[in-house]
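Position chain B relative to chain A; hints supplied.
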Amino acid sequence: MSGRHQALLQVGDTRRWGIRALVVLTLVTGADYLVWRWLDSINWAQWWLAVPLVLAETYSLLDAFLFGATVWRIRQRAEPPPPPPDATVDVFVTTYDEPVDLVMVTARAARDIRYPHRTWVLDDGARPEVQDAALTAGVGYLTRSADWAGMPRHAKAGNLNNALLATDGEFLLVLDADQVPHPTILDRTLGWFDDPRVALVQTPQWFANVDDDDVLGSQAPLFYGPIQQGKDGWDAAYFCGSNAVLRREALMQLGVAGYVRAVERSIRDALRTAGRVIARARTEARAAGPAVHAALGEVAGAVRRARVEVAAGEPVSEVTYRFQQRVDAAGRGVVTDDLARMEADLAEIAGMTGRSGAAVLTAELDGAVLTRLAQRDWSPIAALESVKALVCSVDVDLAGEAQPVMPLATNSVTEDMATSMRLHAMGWRTVYHHEVLARGLAPQDLAAMLAQRLRWSQGTLQLALRQNPLVQRGLSVGQRLMYLATMWSYLAGFAALVYIAAPIAYLCFGVRPVNADGDAFLLHLVPFLLTTLLLFRVVGHGMRTWRGQQYSLALFPVWIRACTTAAANVLFHRDLGFVVTPKTPTATPRPAWRLVRVQLVTMGLLVAAAVVGLVRLHLGIAPSAYGTWVNLAWVAYDLLVLSVVVPAARHLGLATDERTTA
Amino acid sequence: MIELDTHPTGAAVVRVDGRLTMVDAPAFRSAVAEAVGEAATTVVVDLSACAFMDSSGLGAVIAGLKAARQAGGDLRIAAPSTQVLTVLQLTNLERVLRPFGSVAEALRAG
Numbered sequence: 001m002s003g004r005h006q007a008l009l010q011v012g013d014t015r016r017w018g019i020r021a022l023v024v025l026t027l028v029t030g031a032d033y034l035v036w037r038w039l040d041s042i043n044w045a046q047w048w049l050a051v052p053l054v055l056a057e058t059y060s061l062l063d064a065f066l067f068g069a070t071v072w073r074i075r076q077r078a079e080p081p082p083p084p085p086d087a088t089v090d091v092f093v094t095t096y097d098e099p100v101d102l103v104m105v106t107a108r109a110a111r112d113i114r115y116p117h118r119t120w121v122l123d124d125g126a127r128p129e130v131q132d133a134a135l136t137a138g139v140g141y142l143t144r145s146a147d148w149a150g151m152p153r154h155a156k157a158g159n160l161n162n163a164l165l166a167t168d169g170e171f172l173l174v175l176d177a178d179q180v181p182h183p184t185i186l187d188r189t190l191g192w193f194d195d196p197r198v199a200l201v202q203t204p205q206w207f208a209n210v211d212d213d214d215v216l217g218s219q220a221p222l223f224y225g226p227i228q229q230g231k232d233g234w235d236a237a238y239f240c241g242s243n244a245v246l247r248r249e250a251l252m253q254l255g256v257a258g259y260v261r262a263v264e265r266s267i268r269d270a271l272r273t274a275g276r277v278i279a280r281a282r283t284e285a286r287a288a289g290p291a292v293h294a295a296l297g298e299v300a301g302a303v304r305r306a307r308v309e310v311a312a313g314e315p316v317s318e319v320t321y322r323f324q325q326r327v328d329a330a331g332r333g334v335v336t337d338d339l340a341r342m343e344a345d346l347a348e349i350a351g352m353t354g355r356s357g358a359a360v361l362t363a364e365l366d367g368a369v370l371t372r373l374a375q376r377d378w379s380p381i382a383a384l385e386s387v388k389a390l391v392c393s394v395d396v397d398l399a400g401e402a403q404p405v406m407p408l409a410t411n412s413v414t415e416d417m418a419t420s421m422r423l424h425a426m427g428w429r430t431v432y433h434h435e436v437l438a439r440g441l442a443p444q445d446l447a448a449m450l451a452q453r454l455r456w457s458q459g460t461l462q463l464a465l466r467q468n469p470l471v472q473r474g475l476s477v478g479q480r481l482m483y484l485a486t487m488w489s490y491l492a493g494f495a496a497l498v499y500i501a502a503p504i505a506y507l508c509f510g511v512r513p514v515n516a517d518g519d520a521f522l523l524h525l526v527p528f529l530l531t532t533l534l535l536f537r538v539v540g541h542g543m544r545t546w547r548g549q550q551y552s553l554a555l556f557p558v559w560i561r562a563c564t565t566a567a568a569n570v571l572f573h574r575d576l577g578f579v580v581t582p583k584t585p586t587a588t589p590r591p592a593w594r595l596v597r598v599q600l601v602t603m604g605l606l607v608a609a610a611v612v613g614l615v616r617l618h619l620g621i622a623p624s625a626y627g628t629w630v631n632l633a634w635v636a637y638d639l640l641v642l643s644v645v646v647p648a649a650r651h652l653g654l655a656t657d658e659r660t661t662a
Numbered sequence: 001m002i003e004l005d006t007h008p009t010g011a012a013v014v015r016v017d018g019r020l021t022m023v024d025a026p027a028f029r030s031a032v033a034e035a036v037g038e039a040a041t042t043v044v045v046d047l048s049a050c051a052f053m054d055s056s057g058l059g060a061v062i063a064g065l066k067a068a069r070q071a072g073g074d075l076r077i078a079a080p081s082t083q084v085l086t087v088l089q090l091t092n093l094e095r096v097l098r099p100f101g102s103v104a105e106a107l108r109a110g
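If you're matching them up, the sequences are chains A and B in order.
Residue numbers for the first sequence follow the working numbering, beginning at 1 and rising by one.
Residue numbers for the second sequence follow the working numbering, beginning at 1 and rising by one.
By construction, these hints were calculated from the structure, which means they are not laboratory data.
All C-beta atoms, glycine included, are put in the ideal place defined by N, C-alpha and C.
Possibly wrong hints are sitting among the right ones.
Partial selection, computed: residues in chain A whose CB lies under 10 Å from chain B [unchecked claim]:
| no. | residue |
| --- | --- |
| 1 | Y259 |
| 2 | V316 |
| 3 | S317 |
| 4 | L398 |
| 5 | P404 |
| 6 | L465 |
| 7 | L614 |
What the simulated footprint calls covered on chain B by chain A, stretch by stretch (three residues with Cβ under 8 Å from a Cβ of chain A suffice, anywhere in the stretch; the number is not a length) [claimed, not checked]:
| no. | stretch |
| --- | --- |
| 8 | 1 to 8 |
| 9 | 56 to 65 |
Okay, chain A solo, but in the shape it has when bound (with noise of 0.2 Å):
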């Protein structure tokens, strides 16, 4: 591990006091030019796009000031303690359909580890060929147990969920399929676990695939350097999926109390909506007899004693218990009920015959079958689907989930991020390791990666929605703001939507969203630029960032789709579309340009508006040559941004798998 790892770089005292100093920087211009911008100098005759763009404006602005407070706190942790000498580790190759070869040099690259551990391949794909590769190599083996069928499956989450209970160790190393540890990956990592509140040991990923021009923008060089150093300054380093070392107690915790939280959720909400259901099925029972309309009359009952119970704070395993046993009594009152017609129907018959048979049968019926006629599933009660659906929620063994007890997360598809917050918000925290530990595969093809990014962006603005950082109990400000930032940075589509947009109106159409001259305008606009552009470039020393940069704006569609079908997920049930990150190329050898072409068109219409703008000019008609200047420059900023999205469509990867070669 030498050579290109080199890149991960230290960062010293003064560093750090240079980039606080920019910090501040940045917030006071950066505040002035606010203040101006919102006070001075909206053209509110052009509201429709004034507004929007000084929004924009405001939405970047408070993006870079979250990246202040990020970096205002970088932590260079020292050496690590040494590991301890008898902790028990389980470390865990996840796959769901990546080639076997692939999940194979993982998982014995995983068995090579040094310190005394267990290895496991957990294969969601439950392949054979995966279970005969594992046992050849020595490894274990894990696929869903018995109780996940036909049950919600929580992809990766549900995946380390189910080897959670299959497994016993200490510590666990989740590992992605195409993350090729080092042997040394526990010796340095296991040691930050003498802080018993430590929950995480965090490592970065690191991609072997890629290389210099990384014309997918996959190292992320600032995020795992000064962004997650800054974040483990504020310890709200958080969970990438992978690369990283989790205590199971901590996770169990989660889960317990996880648990709790979806029991107590599942009883007040069917509480709360029972009125209405059993009023429903009352009406829609009026044909099944008195019997069964009394017993609903019961089964309301029972709700309204299970909700004083419940406000009265007694344990919910005993209200629903008894709620259970009154409902289940109901039922069997309709079964006592039906059997005694019964019973008048087959005296009526025997004494039709002459028979006595029939009274036998009654006697035989009473007994065993009364007690199995009254069970939930066969209790004519339960036969309303709507009271039955009602009935099994006011219990407390979750009987729509595999597990009772899910330990990591599975209410984001970036379960990582989710479990991190949950840990924070218990009090536990997490390291950030600076050191590349393992080698990992990044996408090879625009597709792959656009995927990835889709998915992120997905789960982090779930996330946000169902379980906003800046309203968990538990969290402190600096975690809030942690969290915050890396959800805000999402929302960046909208803003880059506007940024394309105004140079266009004002080039094509002479619109003008700012109203001030333009030296006002430089005055507030250019120690802020300045400041900022500067604060990146001590933060991002040596690093290569401009591809990073560049994505954020051009990547606006992917980002945009991220917002709207989170939000119709979080809020309308509907389907997130999500796809499992391909690792291995899908594309055909041809440039993808299908995949940018909102891309595209925006860069005709940018070139174009430049020469609409430049005619203008030259007729007179445009509002003002300075105007006209400044755009053409905004436009040409947007041209080189957009324009990676050009050598990211012919992209076609790296032939050979350099990660056991490198």
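For chain B alone, kept in the frame of chain A given last:
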């Protein structure tokens, strides 16, 4: 160590002796499974001799509660130590399961 007994009332008593952690969880789960399989519908987990329980142990208790309920029975916990009470409070599990003072008390309830 996990022991399974039948109480004179017909209820099952699962006695945890020592620790209940991830390592002991399988034995605990099979004891509960055996108990609910024998139609002894109420299972009481006697924790008077349980010196230490971690979150994995709590997870096993929850799995036991689910198994008992789905078999038409119930599961209750009795005589937890201070340490066990602490983990119950930390995870809020006490809001689901009431810690009874003794096996007898647990059997009287409900």
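Cross-check of the supplied hints:
1. This hint holds: Y259 (chain A) has a C-beta 6 Å from the nearest C-beta of chain B, less than the 10 Å allowed.
2. Hint on V316 (chain A) holds. Least Cβ distance to chain B is approximately 5 Å, under the 10 Å limit.
3. About 5 Å separates the beta-carbon of S317 (chain A) from the nearest beta-carbon of chain B, less than 10 Å, and the hint is met.
4. Taking 10 Å as the C-beta cut-off, the interface hint given for L398 (chain A) holds, the closest approach to chain B being about 7 Å.
5. At its closest, the beta carbon of P404 (chain A) sits 5 Å from a beta carbon of chain B; the interface hint therefore holds under the 10 Å criterion.
6. Interface hint status for L465 (chain A): violated, as the beta-carbon distance to the closest one in chain B is roughly 24 Å, over 10 Å.
7. With a cut of 10 Å, the hint placing L614 (chain A) at the interface with chain B is violated, because the nearest CB-to-CB distance is about 67 Å.
8. Restraint check on the stretch 1 to 8 of chain B versus chain A: 0 residues with Cβ-Cβ distances below 8 Å, three needed, restraint violated.
9. Counting residues of the stretch 56 to 65 of chain B whose C-beta sits closer than 8 Å to any C-beta of chain A gives 6, which meets the bar of three, so the coverage hint holds.
When each numbered hint is compared with the structure, violations occur for hints 6, 7 and 8.
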